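K.L.:
Residues per chain are reported as follows:
Protein chains: 2
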Amino acid sequence: MTSSRAALESLRLNSEEARLAREVATFDTGRTIAMILRPESREQVQECVRAANIDGIPLYPISTGKNWGYGSSVPTADNCALLDLSRMNRIVDFDERLGYVTVEPGVTQRQLFSFLAENKSNLWMDATGSSPDCSLIGNIVERGFGHTPYGDHFANVCGLEVVLPNGEILNTGFAGHPGAKAAATYRWGAGPSLDGLFSQSNLGIVTRMTIWLMPAPEYFQAYFFQADNEDSLACFIEALRPLRMNGTLRSTVHIANDYKVLNGIQQFPEGEGKPLSSAAIRRFRKTLKFGRWNGSGALYGTRPQVAEARRLLRRALGSQVTKLRFLDDRSLAFAARFTRPYRWLTGMDLSKTLALVRPVFGLMKGEPTQALLASAYWRKTTPPPPDPDPDRDRCGLIWCSPIAPADGESVTELVIIAEGTLLECGFEPMISLTMITERSVACVISIAYDREINGEDHKAMECYRQLQGRLTSHGFYPYRLGIQSMNLLDSDTARASFLSALKNSIDPNNILAPGRYIGATATDGNRGK
Amino acid sequence: MTSSRAALESLRLNSEEARLAREVATFDTGRTIAMILRPESREQVQECVRAANIDGIPLYPISTGKNWGYGSSVPTADNCALLDLSRMNRIVDFDERLGYVTVEPGVTQRQLFSFLAENKSNLWMDATGSSPDCSLIGNIVERGFGHTPYGDHFANVCGLEVVLPNGEILNTGFAGHPGAKAAATYRWGAGPSLDGLFSQSNLGIVTRMTIWLMPAPEYFQAYFFQADNEDSLACFIEALRPLRMNGTLRSTVHIANDYKVLNGIQQFPEGEGKPLSSAAIRRFRKTLKFGRWNGSGALYGTRPQVAEARRLLRRALGSQVTKLRFLDDRSLAFAARFTRPYRWLTGMDLSKTLALVRPVFGLMKGEPTQALLASAYWRKTTPPPPDPDPDRDRCGLIWCSPIAPADGESVTELVIIAEGTLLECGFEPMISLTMITERSVACVISIAYDREINGEDHKAMECYRQLQGRLTSHGFYPYRLGIQSMNLLDSDTARASFLSALKNSIDPNNILAPGRYIGATATDGNRGK
Chain U
5 MTSSRAALES
15 LRLNSEEARL
25 AREVATFDTG
35 RTIAMILRPE
45 SREQVQECVR
55 AANIDGIPLY
65 PISTGKNWGY
75 GSSVPTADNC
85 ALLDLSRMNR
95 IVDFDERLGY
105 VTVEPGVTQR
115 QLFSFLAENK
125 SNLWMDATGS
135 SPDCSLIGNI
145 VERGFGHTPY
155 GDHFANVCGL
165 EVVLPNGEIL
175 NTGFAGHPGA
185 KAAATYRWGA
195 GPSLDGLFSQ
205 SNLGIVTRMT
215 IWLMPAPEYF
225 QAYFFQADNE
235 DSLACFIEAL
245 RPLRMNGTLR
255 STVHIANDYK
265 VLNGIQQFPE
275 GEGKPLSSAA
285 IRRFRKTLKF
295 GRWNGSGALY
305 GTRPQVAEAR
315 RLLRRALGSQ
325 VTKLRFLDDR
335 SLAFAARFTR
345 PYRWLTGMDL
355 SKTLALVRPV
365 FGLMKGEPTQ
375 ALLASAYWRK
385 TTPPPPDPDP
395 DRDRCGLIWC
405 SPIAPADGES
415 VTELVIIAEG
425 TLLECGFEPM
435 ISLTMITERS
445 VACVISIAYD
455 REINGEDHKA
465 MECYRQLQGR
475 LTSHGFYPYR
485 LGIQSMNLLD
495 SDTARASFLS
505 ALKNSIDPNN
515 ILAPGRYIGA
525 TATDGNRGK
Chain C
5 MTSSRAALES
15 LRLNSEEARL
25 AREVATFDTG
35 RTIAMILRPE
45 SREQVQECVR
55 AANIDGIPLY
65 PISTGKNWGY
75 GSSVPTADNC
85 ALLDLSRMNR
95 IVDFDERLGY
105 VTVEPGVTQR
115 QLFSFLAENK
125 SNLWMDATGS
135 SPDCSLIGNI
145 VERGFGHTPY
155 GDHFANVCGL
165 EVVLPNGEIL
175 NTGFAGHPGA
185 KAAATYRWGA
195 GPSLDGLFSQ
205 SNLGIVTRMT
215 IWLMPAPEYF
225 QAYFFQADNE
235 DSLACFIEAL
245 RPLRMNGTLR
255 STVHIANDYK
265 VLNGIQQFPE
275 GEGKPLSSAA
285 IRRFRKTLKF
295 GRWNGSGALY
305 GTRPQVAEAR
315 RLLRRALGSQ
325 VTKLRFLDDR
335 SLAFAARFTR
345 PYRWLTGMDL
355 SKTLALVRPV
365 FGLMKGEPTQ
375 ALLASAYWRK
385 TTPPPPDPDP
395 DRDRCGLIWC
405 SPIAPADGES
415 VTELVIIAEG
425 TLLECGFEPM
435 ISLTMITERS
445 VACVISIAYD
455 REINGEDHKA
465 MECYRQLQGR
475 LTSHGFYPYR
485 LGIQSMNLLD
495 SDTARASFLS
505 ALKNSIDPNN
515 ILAPGRYIGA
525 TATDGNRGK
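First to last, the sequence lines map onto chains U and C. Everything in the first sequence is counted per this note's numbering, starting at 5 for the first residue and increasing by one. Everything in the second sequence is counted per this note's numbering, starting at 5 for the first residue and increasing by one.
Just chain U, with the same shape it has in the complex (with noise of 0.2 Å):
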């Protein structure tokens, strides 16, 4: 055995067990992985990016691996050894005045959260809906996001520390510089901002980052709306996008159609035919109180603040909602004693759907929540377990996320494309649309399946390509890519070239996660060259 070779060996988690857990995603890939290596520091790390460049087993980094929908842990190419960050989670500096957290690739979205806690600190995190045992940098690097104003993830982020795939360590910003105060402050440093490159992508590991977190707000309030009619949606993103680029609803606005309400409350319904129709649905909408159109969002500031952002949008919503509501704390509490009364005090019935409102409701205020993630058991025939796992009970989940931008025309032709395409293929189309930006909307359309009916894994991706296909083809692109289609897009020629002389140039060897969003297959004529 080579020396390099015995580095990577004193890393291995030695299971075979866990090796073949993280085979599995929540689709179909078929794909092998040929050990795990969980080193617990930026020095190990580097130790096996050296080893792996001499003696060439690509690395595929995971922070946490839940990456669900898209893959989870399961690498791009076969035979990697998967690098397993969830050793390293310290937090390594935290500063209330500033309000910014660094942190280490394993590091929680519970662990930040009871950290916050802990501390008594006044600054709140972004959650993503998505479980509290997922890692922040994970989420970051994917460029996720959340709830709160600072739910667009990778703008809210600065000084990463990367491990090149040459083994060597880099800093973003100012954080190279020795003593440099405004490190953890200022994300653009001085000469080329190198951020970017490092966010979906295979040029480096992300071994620390610090991530800004927001003040509590003096006051918070959630709202809460919905809408019956089918053109109500391109209602809502007109009337809602002047108060985000005025700077009045700061957070993002999340709209969910009816399905994806549904798949939150309850596993698809017994005894009714598949794909769940649109009759269907309106009934399941009568029953449960909600709506075709379900939004949800927060107002943040002091009280006048929160109310004259209340006044705007009542008045901007005004006609186009059957029902807004506000709720804060206090009246979340309040309804939670004393649902009956609560209903009779507002006419909203809180008792079927306070499970899911707390939760969106904590979320707006960041925090994490497992709540959600019992949707990807829509369609299994055995109820979500108290510690779900869509890998290991094989939910079938596929996530497609396209960009539109926040304008009502767009969105609505987006949705159409989506709901269409799903129910000609027999799923439900489960979509929600965040207004993430002040001017674009993210969509995350999911295809939920069951993986133990034969023949699902192949008719779900089909599905999805279909899906893709068909909105690429109107200009929708996904803000995020899946391991089954890191290539989809390399139609615009001159950046897979360009993305691909960088990765030669930064990793001659392409020992980094091959094909994880730079595509291997065009440099492989150059490898070890």
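Since the hints were made in silico from the structure, they are not lab data. Some hints could be false.
[Unchecked claim] Residues from chain U shown here face chain C by an in silico Cβ test under 7 Å; the list is partial:
| id | residue |
| --- | --- |
| 1 | N83 |
| 2 | G103 |
| 3 | A337 |
| 4 | G479 |
| 5 | D496 |
Predicted model, so just to flag it, every value in this text is computed and none were measured. Backbone N, C-alpha and C define an ideal beta-carbon position, used for all residues, glycine too.
Could you slot chain C onto chain U? The hints should help.
P.N.:
Frame of chain U; chain C shown alone:
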């Protein structure tokens, strides 16, 4: 003559006078320019790049070249062909609803401002205090900043079109994908985000960019405050940071020291000793009614939003300041017409400062102004001409622009270093501090002198070097570099060698702006391989 050379010749500006003028900056560079090329299209830029590769003539792109204080249009290496992009001045796309404009590098602040007025647009641009004839793209790729909520310029753009050093075109984000609907609204695209690579760099020529514009608020109010205590600066910063962080103050806050205000009002006062002493500046503070520290900023929103922000600002600044005044369009018009009654009403003497207040007020609404350019003539013995041109008029001006975290202690430390060093060296310390983001302060320190006086060029540059050295040794690194100090950050050797490797792979002949932000020297040995 080779055909490539002929291609260059056809775009060459045949004016020896123009070439010599472009060799002049606001400090001594001793550098020569081989020729000026003036392409008027992207295709001609591509031709230039291809020809330059063949003939080995380095190209130095400028937009309008008004990079005063940092080297104007003077290249970072001798014998470059200056690639003057000012003829590429088309506004190629505009969307009132989604709030963006797509421009070429020759589009100036003045041009966009007029365009918006002509189109009766309800959108505001963000302007810098530099000349109305500055290029928008030129400022943005240098990551300049302004005064509105879109003041951090590089954070509010997307979809860069770049001519690479091999002559190919690269689009960032979604812009390279056919028919991409969100190309102008969503910055990240999918895969690595490349925008940052082309800011403060020599890796490509930005020939097009989408700039986001803010909707004009229903109501606008500027605020001004002053304080005379030495330690009030730290108090301001501590009081204002929470308001920046909680979204109450949505735009940059600008704080000027006393020297900076005097510099804005008039030239160096006749008969005073140089440098103008602390005692003298105190005298001017009294006579001209400005403070040791002078803050300004603005509130944007509905009337209730502005009223609440005003309340919070008042509460936060409280006893820290001697004066806190608010000014809107109406009161400014009133003041302009009735300076004496206004003084009687408010106690604020606008008669002398109105000339300074008005352009600052306009800047906060995104109105470009030429008024502040006069400050470059500080030490000149003749008054600023109606068409100021600091290069031509041999104004001496070196800017040093370190970043501090937005905490009182750090900002104070920075100011003490800067004021001490400049006074020691015989220059007035003109300092502005801009709370550019929620967590960071960008400081601009001007070393202003008269290039006509023998020895001053040398003395000023010595002062600059001393200042820069002290600042970095205390952890204050610049957000932007002048052509005389492009290697300043190479002390981070890992970063420098990573960038050199990038540069080598993208621009193997080193024909694009050699030495600009990415050091040429380290890779000289590999040139032309």
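K.L.:
Look at each hint and say if it fits the structure.
P.N.:
Comparing the hints with the structure gives:
1. With 7 Å as the threshold, the beta carbon of N83/U stays out of range of chain C, its nearest partner Cβ sitting at about 24 Å, so the hint is violated.
2. Annotation: G103/U was flagged as interfacial toward chain C, and the flag holds, the nearest CB pair being 6 Å apart, inside 7 Å.
3. Checking A337/U against chain C by beta carbon gives a least distance of about 24 Å; that is not within 7 Å, so the hint is violated.
4. Hint on G479/U holds. Least Cβ distance to chain C is approximately 4 Å, under the 7 Å limit.
5. Interface hint at D496/U: satisfied, since its Cβ lies 4 Å from the closest Cβ of chain C, which is below the 7 Å cut-off.
The structure is inconsistent with the numbered hints 1, 3, although it conforms to all the rest.
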